Structures are given as C-alpha cells and as structure tokens.
Amino acid sequence: MIIDINFIGLIIASIMASAVPLILASCGELITERSGVLNLGVEGMMIIGAISGFALMTVTGSLIIAIFGAMLAGVLISTIFAFLTQTLITNHVATGLALTIFGIGISAMIGKNFVGIPGKEFPVFFEGLKDTIPLLGPILFGHSIVFYFAFALPFITSYFLKKTKIGLIVRAVGDSPESASNQGINVRLVRYACILYGGAMSGLAGAYLSMIYTPQWIENMTGGRGWIALALVVFSTWNPIKILIGAMIFGGLTIIQFHMQAIGVRIPVQFLTALPYIVTIIVLVVISRDSRKIRLSTPSSLGKSFHKDN
Amino acid sequence: MNTNLKISNVTKIYPGCVANDNVSLEFNSGKIYALLGENGAGKSTLVKILSGVIIPDEGKIYLNENKLELNSPLDAKKNDIGMVFQHFNLFETLSVFENLIIDSDEQREGLREKIDTIMKKYNFSIDLDIPILNLSAGQKQKVEIIRCLIRNPKVLIMDEPTSVLTEQETSELFLSLKKFSEEGILIIYITHKLKEVMQLCDEVAVMRRGKLVSVSEIKNENIESLAKKMVGQNLKTIKKKKAKTSSDQLIKIKNLNFTSEDPFETNLMDINFSVNRGECLGIAGISGNGQSELFQVLSGEIISEKNSIEFNDNYIGDLSPQERREYLMAFSPEDRLEQAAIPQMKIFENVALNNFKSSNFFNNGLINENKIKEHSKKIISDFNVNTDNIELKSQFLSGGNLQKLIIGRELITSPDLLICFNPTWGLDVGAINYIHETLIKINEQNKSIILISTDTDELLKLSDKISVIHKGKLSKIMNAEEVTSEKLGILMGGAN
Numbered sequence: 230m231i232i233d234i235n236f237i238g239l240i241i242a243s244i245m246a247s248a249v250p251l252i253l254a255s256c257g258e259l260i261t262e263r264s265g266v267l268n269l270g271v272e273g274m275m276i277i278g279a280i281s282g283f284a285l286m287t288v289t290g291s292l293i294i295a296i297f298g299a300m301l302a303g304v305l306i307s308t309i310f311a312f313l314t315q316t317l318i319t320n321h322v323a324t325g326l327a328l329t330i331f332g333i334g335i336s337a338m339i340g341k342n343f344v345g346i347p348g349k350e351f352p353v354f355f356e357g358l359k360d361t362i363p364l365l366g367p368i369l370f371g372h373s374i375v376f377y378f379a380f381a382l383p384f385i386t387s388y389f390l391k392k393t394k395i396g397l398i399v400r401a402v403g404d405s406p407e408s409a410s411n412q413g414i415n416v417r418l419v420r421y422a423c424i425l426y427g428g429a430m431s432g433l434a435g436a437y438l439s440m441i442y443t444p445q446w447i448e449n450m451t452g453g454r455g456w457i458a459l460a461l462v463v464f465s466t467w468n469p470i471k472i473l474i475g476a477m478i479f480g481g482l483t484i485i486q487f488h489m490q491a492i493g494v495r496i497p498v499q500f501l502t503a504l505p506y507i508v509t510i511i512v513l514v515v516i517s518r519d520s521r522k523i524r525l526s527t528p529s530s531l532g533k534s535f536h537k538d539n
Numbered sequence: 028m029n030t031n032l033k034i035s036n037v038t039k040i041y042p043g044c045v046a047n048d049n050v051s052l053e054f055n056s057g058k059i060y061a062l063l064g065e066n067g068a069g070k071s072t073l074v075k076i077l078s079g080v081i082i083p084d085e086g087k088i089y090l091n092e093n094k095l096e097l098n099s100p101l102d103a104k105k106n107d108i109g110m111v112f113q114h115f116n117l118f119e120t121l122s123v124f125e126n127l128i129i130d131s132d133e134q135r136e137g138l139r140e141k142i143d144t145i146m147k148k149y150n151f152s153i154d155l156d157i158p159i160l161n162l163s164a165g166q167k168q169k170v171e172i173i174r175c176l177i178r179n180p181k182v183l184i185m186d187e188p189t190s191v192l193t194e195q196e197t198s199e200l201f202l203s204l205k206k207f208s209e210e211g212i213l214i215i216y217i218t219h220k221l222k223e224v225m226q227l228c229d230e231v232a233v234m235r236r237g238k239l240v241s242v243s244e245i246k247n248e249n250i251e252s253l254a255k256k257m258v259g260q261n262l263k264t265i266k267k268k269k270a271k272t273s274s275d276q277l278i279k280i281k282n283l284n285f286t287s288e289d290p291f292e293t294n295l296m297d298i299n300f301s302v303n304r305g306e307c308l309g310i311a312g313i314s315g316n317g318q319s320e321l322f323q324v325l326s327g328e329i330i331s332e333k334n335s336i337e338f339n340d341n342y343i344g345d346l347s348p349q350e351r352r353e354y355l356m357a358f359s360p361e362d363r364l365e366q367a368a369i370p371q372m373k374i375f376e377n378v379a380l381n382n383f384k385s386s387n388f389f390n391n392g393l394i395n396e397n398k399i400k401e402h403s404k405k406i407i408s409d410f411n412v413n414t415d416n417i418e419l420k421s422q423f424l425s426g427g428n429l430q431k432l433i434i435g436r437e438l439i440t441s442p443d444l445l446i447c448f449n450p451t452w453g454l455d456v457g458a459i460n461y462i463h464e465t466l467i468k469i470n471e472q473n474k475s476i477i478l479i480s481t482d483t484d485e486l487l488k489l490s491d492k493i494s495v496i497h498k499g500k501l502s503k504i505m506n507a508e509e510v511t512s513e514k515l516g517i518l519m520g521g522a523n
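Those sequence lines, one after another, are chains A and B. Per this note's numbering, residue 230 is the first one in the first sequence, and the count goes up by one each step. Per this note's numbering, residue 28 is the first one in the second sequence, and the count goes up by one each step.
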C-alpha cells in the first residue's frame, strides 16, 4: 500500500482544525482561572458564540460582523457571570453551571430559525501554496485567519503571563487577592477583565465551529467541547503550551478513532469514543507531574470569592 | 527634613465593637514609636487606617500639616507611607523580583539596580529570582521592607513584625529599623511584646479596648509599668518548679529519618531523643528547619518505621494519629485554624473530631450530640474559654480562646504525652500566661510534653531539656539550666 505523503499532511491539518476551538476556549479560560475565577460556563459561552456568529452571518452577510459579533456575545454573557460572581459574590461553580444551562437553552431558542440554512464559505489564506511543499504544504497553508490566530494564541498567552506587567498583575490576583488589594490593585476590575476576555475567546471558539469547521447551525453543536476545554486547562496545570499539546492529542485521537471506526477495527465503538478523553488526561497528567511546578502555576485563590471589607 | 504625622480624633466602629475610640496621636521623625496593646486593642485597625486599607468613620490624618485622603492603599503609597503587615502581603508563587516590580513604576533594569543598592546598604541577601514560598519568614519580611524602601517612604509602619522571627532575625531587624530611623524615616512599631518596646523604641503609646491609654517616653517606663497599662491589671509571673528527676522513660525516638518528596519540605536526618515522665523537652529552631515535619512524624500525620518511635514500651512509628491517641498521646499543631480546628465547624463539632474510643461520641455511626455537647461545656469551663456558646463557629473564637479550646480538647483525655507546636504563636499576654500555666501543670502531674517552638523565651521558661533543630538535624540534648538564649541562638544559626 502506498501512503500518499500529502494525505498524511491532510490528516494532520484536519487534526489541527479540530483542535482550534479547544485551544481558543482553553486559553481564554486559562486567563480567567489565572486571576482566581473558575468559570464553568465555557460550554454555554461557546454555544452562544456559535449561534450568534451563524445568525449574524446569515442576517448581515458580513463575516467580519459575524466573527466580532460572536466574540461580543461571549463577552455579554460572561458579563452576567462577572456581575454575579464579582459584584454579588455568588458561588463560582453554581453560577458557571447555570451559565452553561442558560447558554444551551437560549441558543436552541434563537437557533430554531437557522436550522438547515447552509453556511457561507470562509476565506482561507495561501490556498495556492498547499501543493508546493509535500507534507508541510497542507499543514501550513490554506487555513482561515482564526486557525492561525488559535495556534499563535498559546504562545501569546504564555508571553503575556510571563513577560508583561498586566500578566503579572493577573497572576498576582490569582495568587492572593487579599495581598493584591492591599497593594492597591483593583481585584474586582482585573477579574472582570479576565472573565470578559475568557468570554470573548469562548465566543470565538463557538463561531469557529458554526462558521468555519462545520458551516451550519445544529442544536447543541459544541457537543461538550467546552467541558474538554475546561479539563485541558486544569490538566495542563495552567500552562498554555501544554494546552496546545493536550488539544492536539485530543483532536488527533478524535479524528483517528473516526477513521478506525470507518475501517472497521474490531475494538468496541464505545472504547474508541472514550479513547481521546482517557489518553489526553493521562498524557497531561504525566507531563505535568512536577509538584513544584504545579504549586507554582496553580492559582491559589481559584474559585474563591473575594470580598473587600472596609 | 522632618516628618510629622498627626492622627486626629480617629474613630472606627464595627458592629458590636468600637475598634478605635477617638484616638489622637502625634509622631515626629527621628524617633521610633511603639504602639502597644493586646490582641484586639485596636492597634492593627489604627495602622490599617494609616495605610489606607480601612477607612475611618471619623477623624483626620495629617502629614506635615497636610490633610491626607487615605481611601485606598495606593493613596498611602502616594503619600510616602509604607507598611509591613503582620500577615505578609506577598504573592507566594511569584518570584521575589515579580513581587517587587508589581507595584513599581520603574523599568526592570532600573528597579533591579535600585534593589541591589538597597540590599547592599542594609546587608540583606535575597535571591531575587526564586519564588516567595521558598523563603523563610525573616526573608519574606525583608522583601516587604525592600518593597517599602523602593518608594523612599517618609513613614514606615511595622505591624507585629517579630511574631514570625527568630532571636537573630529580630536583632537584625532592630538594627535595620534603627538605621532607617537615623536616616529620617519615621518608624511606628506595633507590638504586644513588652521586651521589644524597651529594647527598640523611644516613645510608647498604649492602647486598650480601642482607646488610647497613655503616651510616654520609654525612659520613664519599665516592663511592669507597661504591662499594667496594657492589660489594665497586674500580671502574675509564673515560674516553673524544677521537675522531680525521674528516669522513667516515656517516649524514645531512635534513628528516625524522613525524606520528603516535596521540595519545599525539610528532610529529617537521624533523630534520636527520649523524654522521661514529668519532663518537658523543648525543641528550638528557626522556623522551616524541619519543625513541622518533626511534629507530623511524631503525631503520625507522616508514618515512619515502626521501631523508630517507642512509646510506653510499644512501637508506634507506623500508627496513625488516631491510633496514637488511643495510646494516650495528644497533639496541638501549629496552625490553629488549618490543622487543629476546622474554622467553619461549631465548637462542639470540633471537639468531636478528637474522637478517641472511650469517648462514646458516636453510637453505631450516629452522632451522640448530647454527649459531645456535655463534654464541650466541660472543656470550656475547665479551660477558661471565653464563650458560653458551644454552637459558635470556631473561626469566631479569638486565637487565645481557640488555643485554650484545642489544648483543653487534647488534655481532657488526660494523655501521658502532649506534643505541641508553637502553642502561643500570635497570642496576647493573658492567653500566653494561661497556656504556660497549663503546660506547667501538666508536668506537675507527672505527664510529659514535647514543646516545639520558635519562641526562645517560652522554651527557656517551660523546658527541662532543650535541643535545637537545624536543617532537619537535632543538636545534642542540653539541660535547660545550662542554656542561655544566646547559646540557643548560635545553635539555631547552625554553628556548633
């Protein structure tokens, strides 16, 4: 059997494409969690982003409005979360769960009129260069702007957290909101900003699904990717580069197990479907074993409400 | 350049408590001022007002005749008021340098130079690129001080700075503070330790229950007069009678080793000692030298080799804390609210946690609430815990009352051996006195104590024998009468 080297390139490219929404949502949630806020509403924010993007694209016909509109929708819904958890000091976990349930419900309601409408083609870059380099051509070229952004994002996030002053402040707030407040840092403002940013990235991840990955609206189309994104953040021990690795493994196994099912490998389907989840977690746990590093990168105040008393 | 700081008629009222009642004070640079008072006297509230963390209900603050608007910590910083808090305001997982740059407007390189200059000038040596959680308490405090010094403060406020420091670190701190004062920084030093006030300060203001009791010069005061002003009554000083020498060995530790997987813990190396009945063995040391690991090994939180601990002729090295309790050992850990008690649980529920078999707190898996409550009431009255509400959540007890409750809970089973770790850390004089009396009483009843403490005065007062732990190794065991605090200090620093 001759294996076409470009075919392997195509498979890798499809793995990368399936990793995009995970990377976007995880990197957004990572910033939120680094500031000490646990937002379990990622799935809800993603699905809102998905329907908003698709609906705006259909109604206005503008892809740019649709993409930014989806991010704005993510910001808006996360504002609810921020208001509840930061201003009204509600419990992070309960509020986040409510947000997901709310998101899934409202997206299904809005989406009623958009079922069955075909999507639009999303412009891709360097399409012509695809065949110029074997293997690497399909991997590097012919993708949407969101794709390239997603693969740059973990590195940008890492640089932001390590090298910039604002990144430092985000980490400080996540480490000890009390100390940060006593140092004159506006903890509530920082956390609002981080929550809203997480919302924008989740919205973008959703829009990628409904506008680029599978350009159509299907109810509940995020299919648990928001939860995977959340798990990736934790198992990567809040490290953006490891999120990239985890998302690739997860995406890769999802694609490969589809192919295995298609070829008819004699392994129970249920096991194959579960495989990406199991392997991703095992790999991330193994590469993140260093207890010292875990201690240093875990936001100590994660999920704890901060209330400034006077 | 003189600095004059004036507090005028400051009042702060919390529900059910007047933290500051019309307090007026004036400070001038060139002197070191002590603000003295017991826990809850309102000192911390007052300095938090000065540093902008708390906003007063009434009153004004003037710096060099200018009225200050201190609505946030930033305002205090802008007005050159620096503050080192009792509980450090540091970010544990960030590096020292990151901690310092976070509230600085300077560029990285410029700031590094500035920090180096400060460290050279005051003889500090701290690695700027390691995370804060790798530092000792003394080093953390230096980071806090550097953070203030970067801003060239006019006023430096130190809130109970020595509660976590060793003798050596304390004298180093005092030298630095005197140097700062000579350079024209106005120093306000908050404490409840009388000895320190006498050693360091020029003037002292005493607070009691939110009110300013007196302002006077140190040369007109002595420890007794200050104690009387602070507590409002005469304190009886207690002394330990020399223990009857007994050769009846109660606990024997032989070749005990502990190697930790956690890089932030200290390994214990070849620990050997024994304690006789009726004896108190004190273990001194700078915090972070293996005390908490030693405590955990002794209490059974960390299991060791069966033969390494012999208690009452039984080998118990591999038993859990619960099983060790059955052999009549009792434990009072360092951190009252994290390890000894559960803050969100009620007093009587916390009492039930110490569940030894004969207590009958549980019947067939059900909680015997009446029995526990009865038992709790007994502890509260026997051990002078200042509350009558056993339904109160433990977090609302003051440190002293909580410590009394914990010691009471441990002692009510009349154990043969009590192991305690910094039992009076952060407590006020009254509570310390009570705890010390209780510990002395235990020895008088021919029961034994292992007292792990960073407070040398306490060790010298209570121990019959003393050893020093340094980097996980114990020094030879000395008779307490032959030991001075200087000698302990030298051993604690690792010299022979």
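Derived by calculation from the structure, the hints in this document are not laboratory data. One or more of the hints may lead you astray.
Straight-line alpha carbon distances no greater than 20 angstroms define the calculated EDC-like cross-link-like pairs of lysine to aspartate or glutamate that follow [what the hints assert, rightly or not]:
no., chain 1, residue 1, chain 2, residue 2
1, B, 220, B, 230
2, A, 522, B, 119
3, A, 537, B, 482
Quantities reported herein were computed from a predicted structural model and do not represent experimental measurements.
Hint check results:
1. Between residue 220(B) and residue 230(B) the CA atoms are separated by roughly 15 angstroms; this keeps the pair inside 20 angstroms, and the hint holds.
2. Among the hinted pairs, residue 522(A) with residue 119(B) is consistent with the structure: their alpha-carbon atoms are about 13 angstroms apart, no more than 20 angstroms.
3. As the CA atoms of residue 537(A) and residue 482(B) are separated by approximately 33 angstroms, the hinted pair breaks the 20 angstroms bound.
When each numbered hint is compared with the structure, a violation occurs for hint 3 only.
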